[in-house]
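From first to last, the protein sequence lines stand for chains A and B.
For the first sequence, the numbering used here assigns the number 5 to the initial residue and increments by one for each residue that follows.
For the second sequence, the numbering used here assigns the number 5 to the initial residue and increments by one for each residue that follows.
These are calculated hints, taken from the structure and not from any lab test.
Any given hint could turn out to be false.
Since copy identity is lost for identical chains, a pair holds within one copy or between any two.
Unchecked claim - Here are the simulated DSS-like pairs of lysine-lysine, each with C-alpha atoms no more than 30 Å apart in a straight line: (1) K93 - K288; (2) K6 - K113; (3) K112 - K6; (4) K6 - K278; (5) K113 - K288; (6) K141 - K279; (7) K6 - K102; (8) K33 - K112; (9) K181 - K241; (10) K241 - K102; (11) K207 - K102; (12) K181 - K53; (13) K144 - K278; (14) K6 - K53.
Protein chains: 2
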Amino acid sequence: MKTEFSFIEQLRRHSATSKIGDDCAVILKDAKTDLVLTTDLIVEDVDFKREWMVPEFLGHKALAVSLSDIAAMGAKPIWAMLSIGIPEKIWKTDFVEKFYDGWFGLAKKFGVELVGGDVSRTPDKIVIDSIAAGETKKGKAILRSTAEPNDLIFVTGSLGGAAVGLELLEKGERFDKQNYKTALLRQLQPNPQTEVGRLIGLKNLATAMIDLSDGLSSDLSHLCRESRVGARIYADKIPFYQKSNSDPESFNEQLRFALNGGEDFELLFTVNPKKKKRLENNLKNYQISHIGETTANAEIMEFIASESISVLEPRGFRHF
Amino acid sequence: MKTEFSFIEQLRRHSATSKIGDDCAVILKDAKTDLVLTTDLIVEDVDFKREWMVPEFLGHKALAVSLSDIAAMGAKPIWAMLSIGIPEKIWKTDFVEKFYDGWFGLAKKFGVELVGGDVSRTPDKIVIDSIAAGETKKGKAILRSTAEPNDLIFVTGSLGGAAVGLELLEKGERFDKQNYKTALLRQLQPNPQTEVGRLIGLKNLATAMIDLSDGLSSDLSHLCRESRVGARIYADKIPFYQKSNSDPESFNEQLRFALNGGEDFELLFTVNPKKKKRLENNLKNYQISHIGETTANAEIMEFIASESISVLEPRGFRHF
Chain A
5 MKTEFSFIEQ
15 LRRHSATSKI
25 GDDCAVILKD
35 AKTDLVLTTD
45 LIVEDVDFKR
55 EWMVPEFLGH
65 KALAVSLSDI
75 AAMGAKPIWA
85 MLSIGIPEKI
95 WKTDFVEKFY
105 DGWFGLAKKF
115 GVELVGGDVS
125 RTPDKIVIDS
135 IAAGETKKGK
145 AILRSTAEPN
155 DLIFVTGSLG
165 GAAVGLELLE
175 KGERFDKQNY
185 KTALLRQLQP
195 NPQTEVGRLI
205 GLKNLATAMI
215 DLSDGLSSDL
225 SHLCRESRVG
235 ARIYADKIPF
245 YQKSNSDPES
255 FNEQLRFALN
265 GGEDFELLFT
275 VNPKKKKRLE
285 NNLKNYQISH
295 IGETTANAEI
305 MEFIASESIS
315 VLEPRGFRHF
Chain B
5 MKTEFSFIEQ
15 LRRHSATSKI
25 GDDCAVILKD
35 AKTDLVLTTD
45 LIVEDVDFKR
55 EWMVPEFLGH
65 KALAVSLSDI
75 AAMGAKPIWA
85 MLSIGIPEKI
95 WKTDFVEKFY
105 DGWFGLAKKF
115 GVELVGGDVS
125 RTPDKIVIDS
135 IAAGETKKGK
145 AILRSTAEPN
155 DLIFVTGSLG
165 GAAVGLELLE
175 KGERFDKQNY
185 KTALLRQLQP
195 NPQTEVGRLI
205 GLKNLATAMI
215 DLSDGLSSDL
225 SHLCRESRVG
235 ARIYADKIPF
245 YQKSNSDPES
255 FNEQLRFALN
265 GGEDFELLFT
275 VNPKKKKRLE
285 NNLKNYQISH
295 IGETTANAEI
305 MEFIASESIS
315 VLEPRGFRHF
C-alpha cells in the first residue's frame, strides 16, 4: 500500500521547482525575500479528541503546528489563514469564539496576522485547516535536503513530553486546576520554536532543519532521505522529557516516547562542525542538545545505546 | 443564532487592515504587486456526495471554487496548495490519484502551480481544503465594497445551471456517457471565470466584483452590504440557464434556480455607466448581461418583474 510519503513523492513530479516535500513550500516573494508556506489539516478523532481539551487549546494548537513548520525553515511568521468546519450543534455554542481566542493568543505573541479563512458545516466532526506564511531572505530558507555527512545533529528542548501527555489523556486524565501536569500541556498547547528557528535562519547556523512533529525516529529519517545522508544517534545524549510531578518512567519508556512519540514540535537540525562554537554562542539562551552526527551511509540510522549499535527504524506517527 | 456572516464580521475586528470578508484576502507582495489569497473548505455530505461524481470531477471542482474567488478579485492565479483528508478505505483505492488528475487538468489550463499541501486521515468523510493565490497590480484588486450608487450591474454567463444539476443529482441522475446533460456538468465540473475576471481587473472595468457561489440573491446582498448600496434587478434581464436536452422548467422555477441556486461560479460586477461602452468593447468575446443597477437605498434589493416591484431577500446557500 502507498504511504503518505510515497504519494507526496509522486505529486512532486508535477512540480517543476520541487516546492513540495519540505516543512514549507518556498516561493519567491520579491527580489530580496522568499515566502514560505504551510498547510496542516487537523481532524477530530484522528488528531485530537474533543473531550481532551478546551476550545482555546485547540485554537492555539492549530496555529502552533503551522508556526512550527515555519520555524523549521528558519523563517519569521507573518500571516495565516484558517478554515474550520464544525457540526451545527457545536456552532450553536461558544466553541468557535473560544477557539479563536486561543488562536489569537498565540498569533499576537508572534505578530501573526489573520488575513482570511473559511467557515463550513460538517456532518459530525470538527475539521481545521491551518495555513501560515513566513519570510526569509531570498535563498536562505533552511531545507531538509541540504545536510552533509559528518554534520552535527542537534535538537531543541526535550523530547517525549507530548507523547507522555497523550498517554495520560488516553488513560482518562484531563488538564484542569487539579491536574496541572506539564506533559498534558505539551500535548494540548505545544509551543512552536519560533524564536530559535528564526535565529538559526538569520545567523545561517544550520545546514538542514525539520520540526519534530511525527517523532524523532521518523523526522530524522525524512531529513536523511531528503539529504541522502545517514545518521548516528546516541541514546545517552537525547534530552528526555522529565515528568515534573509524577513517577519517572523507566529509561526504555522514556526512550520510546522520545524516539517515536510525535508532536513535541521541537526542532531537529544539522550543523557544520566548524560552526559549533558559533551555534553555541548564538543559542546560549536556548536549550539545545547535540545528539549525534550525520554519516555518508545514506538513509541508515544507527542508534548507539550502552556501547551497542542497532539500526533505528522510523516508528513515529503516520496517517497511512 | 449567529450566522457565518456575522461571525466573519466579528473576526474582522481582529484584523487591523480589514483583509477579511472579501472573496480573497489582499496582501502586499512587493512594491508593485498585491497577492490575493483564498481558502475553501469542501466537506463530503455537505458540499458534495461521493456517489455523485468521479474523483476527477471533485479534484477539478476543488480548484475551480478557489480560482473563481481569484477571478472575482480581477487577479491572475499563480499557485495553489491542497489539504486532503480521506478515510483509510478510500486511501487504499486509486481515488487520490484520480482526484489529483482532475485537479492538475484544470491547474494546467490556467498555469497554476501546486506548491504544497497536506494529506491526512479522517474517520469516514472526505474533507478538502483548497488554497490558492493570485496576483494583481498593487491596489488594483477589485473588492466587494467599492460599488457606487447608480453603477450598472452585470453578470457573466447564465445562471441557475448548477442548481438544475444539483436537483437532477438529488433525484438520482448521474453523469455518464448515456446522460450527458450540461446541467450535471455545471454542478460537477464548474468552469471558473478566470479569463474574464482577469480581463476586468487588467482593464479596470468594474467598481466592485464578487463570484456567484451562494446564489445571485445572496451574493448581490453581500456586495450591497459591503458597498453600502442598494440594487434594482430586472427579472427579464437575468440570463437563465437553458436546459439543453430536457423539458424547459417554468419561468418561476428558472427564476428560483437563478436567484437562489448557488455554485454557478459566474461573476457579478458593477460598472460605472461611463465605462459601459469600454466594457462591451473589451468583453465582446464573452457572454455578459446587464441585469440592473445599484441604488443609494443602502442594502435594499428591489426586484422588478412584470412591472411590479418586490423586495428581493437573500435566499441562497449558507452553512449556518
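Please list, smallest to largest, the hint numbers that this structure does not respect. 1, 4, 9, 10, 11
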